[in-house]
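Below, each chain spelled out in residue letters.
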Amino acid sequence: MHKILLKIAQVGLKTETAPRTDEALRVGAARLNEDVLRLLGRALAIRHVDAGSCNGCELEIHALNNPYYNLEGLGIKFVASPRHADLLLVTGPVSRNMEEALRRTYEAVPEPKLVVAAGDCGCDGGIFGENYASRGRVANVIPVDVAVPGCPPPPAAIMQAIVTAVTVATTAKR
Amino acid sequence: MSPTLPGIPLAPLAGAVPAWRAAVDARQWRSGCEAAARSGGRLAALWAGDERDAAGGFSVRALLVTFEGLVCLELALPEQDPTYPDLSDVFACAARMQRAAFDLVGVRAVTPSGSAPDARGWLRHGAWREEVHPLRRDVSLTADLAAGDAAYDFVQVAGDGVHEVPVGPVHAGIIEPGHFRFSIVGEQVLRLEQRLGYKHKGIEKRFESMTLEEGARLAGRVSGDSTVAYAWAYAMALESITGSAPGRRAQFLRALLLERERIANHLGDLGALGNDGGLAFGLSQFSRLKEDLLRANARVFGHRYLMDRVVPGGVACDVDAAAAHALLEEGDLLEAELRSLRAIYYDHSGLQDRCITCGRLTPRTAALLGVVGLAARASGHAMDARAYPGFAPYGELPPVVASHRNGDVAARIVVRFEEAFESLRLQRLILERLPEGELRTALGAAADGAFGIGWVEGWRGEVFVALHAGAGGRVRRCHPHDPSWQNWPALEHAVIGNIVPDFPLINKSFNLSYAGADL
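As given, the protein sequences belong to chains R and B, one line each in that order.
The numbers in the numbering used here rise by one with no breaks, and the one at position 101 of the first sequence is 101.
Counting from 1 along the second sequence, just add 1000 to a position and that's the residue number in the numbering used here.
It should be emphasised that the hints constitute simulated quantities derived from the structure, not laboratory data.
Heads up, none of these hints are tricks.
Residues on chain B that point at chain R, a partial pick, calculated with CB under 10 Å:
1. A1143
2. L1145
3. A1150
4. A1172
5. E1176
6. T1227
7. A1264
8. G1268
9. R1288
10. L1294
Glycine included, each C-beta is placed from N, C-alpha and C at the ideal position.
Using the sequences and the hints, build the whole thing.
Okay, here's the thing in structure tokens:
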């Protein structure tokens, strides 16, 4: 146990606070915090759905929870069920084999709900495009609020996309 | 030295790995596989093709790994009645590959009695009808295929108190989609049946709409976590076809990228394993170290996961003296951190209690299933294509192959730690010995109909790319093969007798690719 405590003490806090992030991200993170506080009581719940990705985007979504980005520190957490979620974070071109599962997951999320499509494939089908087995972009299957390009988009960009989605929702509600 | 398959003349294939090919008839298809299996060989991959526009009929190919190298058996099938002898009794891992070959091309494996060993679809769910085979040349890439029957018969387990737990395709975490059907009594798993294929997005058909050069980018996106291994295997296949060889500097840099991909994935999984074993501290620490590594990748190579850095003919990145120095320093720091974290993992009684004897894959089962990669090494089979047969530049940088005999979650953790240390050692050697030379060599022309194979030991296991060139420098057929094909069935066995709550831990200890095998 003492080794664990010693390691925690030695490593210290890694979470990047405002002065250490780039301007775009800093503004994004701060706005998110306010909006989440106002709109969702500091408890935005995300359900991730991989609808056919190469799994590259999943690596970056995992990274959101590492100590540097510490998404959960902002009050945003990933949940196990769409019924507990406010936002769907969808990756991949939507494979036809996942089409129905994605639709059902979307329907299971209670209103008001948001959808962020992550990655080039989620935005426009990416290198796979639309074909006999792929529906292409996420918006071809369910309504999308924000789409973030990148192959894969880095964690900061995914954070910004989530922020933007929440901001759009706030504006629309006013 | 050429492998010996009685009565089957082998023709050598040029390239970076020892390989041969042989056109066989149906009898030799069986006898060749049986002879290879008897002498310790295994099935690496099986795929089919539509040859009606060329040689006529269809084809099915079996890629075998023998002690001497690769052997590709090629069997031509008539257009009417394209059936071939089933291999699943010789190589258990053939079963799912044969089902996929039927779904995509319509060639059917049959047993001596004339029946199909398992006639259920694998990649075909309900997206197209059973009689349609999208990889045939008369179906276009963008065909809007009518939906078919999506029914699927899972094997039923009967008995007092047995019930089923269906999980997926959408899972409870940040995971790829797939379906797991558990048959359990109380908490104990009697049987697990996987149904995969949810991510099938027409990759093999998409390859055929590309030039040989363009295909490299797609190969790097078959399984994103293994992008370097795939891009290298694809480049190796294309270099074999065009009679080209990358320069020594490019080869060293490829190895540097591959080892960094291995380290990044092992760091991620070691953290996730700690978390699934109840030690969230492990996830925080390892994900921090992984992020450091990814950021260094972005600074030095221009991409966090090193996508598109390995290109046909060489690499699309370089390391100058300052960058080499920074990577060496980073490597030393990481090694010290890993040592301290390993001591914590190995001393932590709670974590060890979860991992030791959990999800055991015995050496015997691993051999029967043809398991590869780190899962095989943790179950007593010290195979690693970097070490044997070896491919450039690993002859100059021989890796020490990690292995363990227990085959449990703990053994797979030990192998990951040892491989991460070994990759750090190799990184140091590569950076200290980095030769001068060209980064990218121009490729020669690809003859219509030429065939090449790439074979790279990725972090999960061996990745193959079989590439057929078409006219005008285009891809005629490309089959990328993920080690997950072989290892998914092993997970079904490893989980038997364990309790359901241990499944996430066991699953993560293998961490198999859905995308890589769904194609």
